[in-house]
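Taking the hints into account, I'd like the entire structure generated from these sequences.
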Amino acid sequence: MEIINDLLLFLPATIVAIGGLTVMMLDGYKARSRTIYTTTMVFLGIALGVASWDLLMQAPELIFSDMAGAGGTAAFGTFIVVFGTFFTVILTHDYLIGVKHNFPQVYPLLMFCTFGMIVLATANDLVTVFVGLETMSVCLYALAGIIRDKRLGVESALKYFVMGAFSTGFFLYGITLLYGATGSTSLPEIGAYTDGGLIYWGGVSLLLVAFMFKVSAVPFHMWTPDVYTGSPTTITAYMSTAGKTASFVALVLILDRAMPFIATELTATFSIIALLTMILGNAVAMVQDNVKRMLAYSSIAHVGYLFVGLAAGSVAGYSAVLFYLLAYTFMNVGAFGVVAYYEKNHDVHFNNVESYAGLGYQRPIMGVLLSIFLFSLAGIPISAGFNAKYLVFSAGIEAGLVSLVVVGVLASAASAYYYLRVMVYLYFREGKESVSLIEPKKVYSFSLVFLALLTLYFGVVPGGVTEMIYGYFSDSMLTATAP
Numbered sequence: 018m019e020i021i022n023d024l025l026l027f028l029p030a031t032i033v034a035i036g037g038l039t040v041m042m043l044d045g046y047k048a049r050s051r052t053i054y055t056t057t058m059v060f061l062g063i064a065l066g067v068a069s070w071d072l073l074m075q076a077p078e079l080i081f082s083d084m085a086g087a088g089g090t091a092a093f094g095t096f097i098v099v100f101g102t103f104f105t106v107i108l109t110h111d112y113l114i115g116v117k118h119n120f121p122q123v124y125p126l127l128m129f130c131t132f133g134m135i136v137l138a139t140a141n142d143l144v145t146v147f148v149g150l151e152t153m154s155v156c157l158y159a160l161a162g163i164i165r166d167k168r169l170g171v172e173s174a175l176k177y178f179v180m181g182a183f184s185t186g187f188f189l190y191g192i193t194l195l196y197g198a199t200g201s202t203s204l205p206e207i208g209a210y211t212d213g214g215l216i217y218w219g220g221v222s223l224l225l226v227a228f229m230f231k232v233s234a235v236p237f238h239m240w241t242p243d244v245y246t247g248s249p250t251t252i253t254a255y256m257s258t259a260g261k262t263a264s265f266v267a268l269v270l271i272l273d274r275a276m277p278f279i280a281t282e283l284t285a286t287f288s289i290i291a292l293l294t295m296i297l298g299n300a301v302a303m304v305q306d307n308v309k310r311m312l313a314y315s316s317i318a319h320v321g322y323l324f325v326g327l328a329a330g331s332v333a334g335y336s337a338v339l340f341y342l343l344a345y346t347f348m349n350v351g352a353f354g355v356v357a358y359y360e361k362n363h364d365v366h367f368n369n370v371e372s373y374a375g376l377g378y379q380r381p382i383m384g385v386l387l388s389i390f391l392f393s394l395a396g397i398p399i400s401a402g403f404n405a406k407y408l409v410f411s412a413g414i415e416a417g418l419v420s421l422v423v424v425g426v427l428a429s430a431a432s433a434y435y436y437l438r439v440m441v442y443l444y445f446r447e448g449k450e451s452v453s454l455i456e457p458k459k460v461y462s463f464s465l466v467f468l469a470l471l472t473l474y475f476g477v478v479p480g481g482v483t484e485m486i487y488g489y490f491s492d493s494m495l496t497a498t499a500p
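If you want this note's numbering, it's the position in the sequence shown, counting the first as 1, plus 17.
Heads up, a few of these hints could be off.
[As the list claims (entries may be wrong)] Pairs of lysine to aspartate or glutamate residues, derived as DMTMM-like cross-links and limited to a Cα-Cα distance of at most 20 Å, are as follows:
{"hint": "1", "residue 1": "K167", "residue 2": "D243"}
{"hint": "2", "residue 1": "K176", "residue 2": "E151"}
{"hint": "3", "residue 1": "K117", "residue 2": "E415"}
{"hint": "4", "residue 1": "K176", "residue 2": "D243"}
{"hint": "5", "residue 1": "K117", "residue 2": "D44"}
[What the hints assert, rightly or not] Simulated DEER-style distance windows between Cβ atoms:
{"hint": "6", "residue 1": "E484", "residue 2": "D212", "range": "34 to 40 Å"}
{"hint": "7", "residue 1": "I35", "residue 2": "N369", "range": "41 to 47 Å"}
{"hint": "8", "residue 1": "A433", "residue 2": "S222", "range": "31 to 37 Å"}
{"hint": "9", "residue 1": "V179", "residue 2": "E484", "range": "42 to 48 Å"}
{"hint": "10", "residue 1": "V423", "residue 2": "E172", "range": "36 to 42 Å"}
Quick caveat, the hints were computed from the structure, so don't treat them as lab data.
In this text, a Cβ means the ideal position worked out from N, Cα and C, and glycines have one as well.
What follows is the structure in structure tokens.
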């Protein structure tokens, strides 16, 4: 009966896994693409409803022999991942039809990838983290190259796979060394180990290197621009939001539960990573003419802001990181969704910023939506992006990282240049040639409008969510289980 109870507490992942198997069987029996898509949406809708219930009602609890958790941070991470996947599938279906590459295999891959992300975000043991990380990664390698007849897609998948193999090696060696030093792979039990030593620090270092690759932190970011540019645009949105959320939630849990005694020792390291990531991401994004590539470097810059919260090493810092991930999901899925709309009208190369000249007036709703998302990414007030940056920078100031925060604020201000540049072309430049845009489908438009409304809502009323997240760390049952 215990396993049944654990599965019920792990219900969103269970539903997603069953949904993945179902749509895979439908594809095997040559079901219509529309049937596969509808089935995927039904399972994801149920999983999202359950995840929402768990987020509001489920108390923190350990499951599967303390290998994973339910409630608290686990429920929050699960909700963001399933939410991001739900809207990614809506946008992906219409996008793949538009670019005439509606492969039904994309739906089971997205479901299994989401399952891996949920496992990663709910992990309470390094073995569980590894299982979730690799399940997610293998599916993402395939999704990156799902458009097989495009050279960029195949190239991005290969680069992602090769670099991912290296990070997997670092991660496994890190687990091995930490197990050798502490005698356990359980996060709370590792957190109770205070002796340090060369083997322990070697394991910590390798583990952090692997995570920095997964989240695209400098200097482990090299794969990101090429992979993001070559992948289908809506899949890029999925990678940069749901994938990054799962990895960051797992990293936060490891820092909070497995390394609470060395938070101050890691502050300098995380500060340097945050500094380099913010500066490089924003500096290179400024010179990009390809909008997708610009958003890829922008994504790297946002990782730098998130590392400010990690460098703080406090409850406020970790809470700010989780809120940032929620806000980033709204605005980045939305931004890539609008880019995908413009792209599917022509071809996958319709991403040069000059191609956007005058398009803001052809489909005003799309121009306005993209402007909202870009304003939020830039951190303009009354947007979720502003509050997210405010929280991580506030945590940094509380931790005494004033110089780092000053650099972060200046970097964020500089980012306005390349975000506003897109809007200048949308509204204040005339296209060199006439470009026609088809009317977006209602479900596609509604999804983007809903994401824009959430972006604005959490820019005005963030309080309830931030208080809830703060309680995950101040009153966490999972942290209290350390011997």
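20 Å limit on alpha-carbon distance, applied to hinted pair K176 and E151: Holds, at roughly 16 Å.
query: Are the Cα atoms of K167 and D243 separated by 20 Å or less?
result: Distance ~14 Å between K167 and D243 Cα, so the pair holds.
- prompt: Is 31 to 37 Å right for how far apart the beta carbons of A433 and S222 are?
  reply: holds (36 Å)
message: Check the hint pairing K176 with D243 against an upper bound of 20 Å on the C-alpha distance.
response: Measuring from Cα to Cα gives roughly 8 Å; hence the hint holds.
query: Using the C-beta atoms of I35 and N369, is the stated range 41 to 47 Å upheld?
result: 43 Å Cβ-Cβ, so the 41 to 47 Å window holds.
field: C-beta pair E484, D212: status relative to the range 34 to 40 Å that was hinted
entry: holds (36 Å)
- prompt: Does E415 lie within 20 Å of K117 when you go C-alpha to C-alpha?
  reply: With Cα atoms ~51 Å apart, K117 and E415 exceed 20 Å; violated.
query: Taking 20 Å as the top limit, are the C-alpha atoms of K117 and D44 close enough?
result: holds (18 Å)
message: Between the beta carbons of V423 and E172, is the distance compatible with 36 to 42 Å?
response: This hint holds: roughly 39 Å between Cβ atoms.
- request: Please test the hint of 42 to 48 Å on the beta carbon pair from V179 and E484.
  value: holds (43 Å)
Figure legend: structure checked against the earlier numbered hints; the only hint not met is number 3.
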